[in-house]
Amino acid sequence: AQSVTQLGSHVSVSEGALVLLRCNYSSSVPPYLFWYVQYPNQGLQLLLKYTSAATLVKGINGFEAEFKKSETSFHLTKPSAHMSDAAEYFCAVTANNAGNMLTFGGGTRLMVKP
Amino acid sequence: DAGVIQSPRHEVTEMGQEVTLRCKPISGHNSLFWYRQTMMRGLELLIYFNNNVPIDDSGMPEDRFSAKMPNASFSTLKIQPSEPRDSAVYFCASRPGTASNQPQHFGDGTRLSIL
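Protein chains in written order, with this note's numbering: chain A, 1 to 114; chain B, 1001 to 1115.
It is worth saying that the hints were derived from the structure and are not from the lab.
Going by beta-carbon spacing under 7 Å, a handful of chain B positions derived as facing chain A:
hint : residue
1    : LEU1043
2    : SER1100
3    : ASN1101
4    : GLY1107
5    : ASP1108
6    : GLY1109
Here the structure is a predicted model, which is why all the values come from computation and not from measurement. Ideal Cβ placement from N, Cα and C applies to all residues, glycine included.
Taking the hints into account, I'd like the entire structure generated from these sequences.
Below, the structure is given as structure tokens:
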């Protein structure tokens, strides 16, 4: 079985500051990992995914994430926050033995201060 | 390209009424998922279809919930009778194929309020 823990249900940064959203996973087999973003009153949009190729994954809107097997982490970063980045971010994990189940973390709400 | 389309976007109804939520997946996608999102429980998978066949419905809360996929371009989630605790945002997602490394594409959801 897989599980995901997102540390920090709320993160606040100033505009232009580094964004770091933490995600740790648990999986008994090689995982596939995803970051999704949810804007108010919308569905989840895929930001980026790790599927066993390069460990540093670049996504949309300037976000990237690094898969670190030794730390079982897949933290999301962006060098410089923009006001439009304010949203809720979800990390999710699955694997080939997961029966197509995508397990989501509890989400992190990112607030960006002017 | 049209994404996953859900209707209605908002539904307010009284306890005991039947509620039907609708979903049109992305054309060519043959996996479809229904999720429920609440503040208390986050995102929960309710049911998963592959090629219109229900594969895993272990997340369906109880017999009041049912889901169908009569063809590749349409699915429904029905609650009968509805209860206030069913109030949530319900999302439909679709995926091309069955490979786990393929991302799911989400609709904008139906916000359901049961009074």
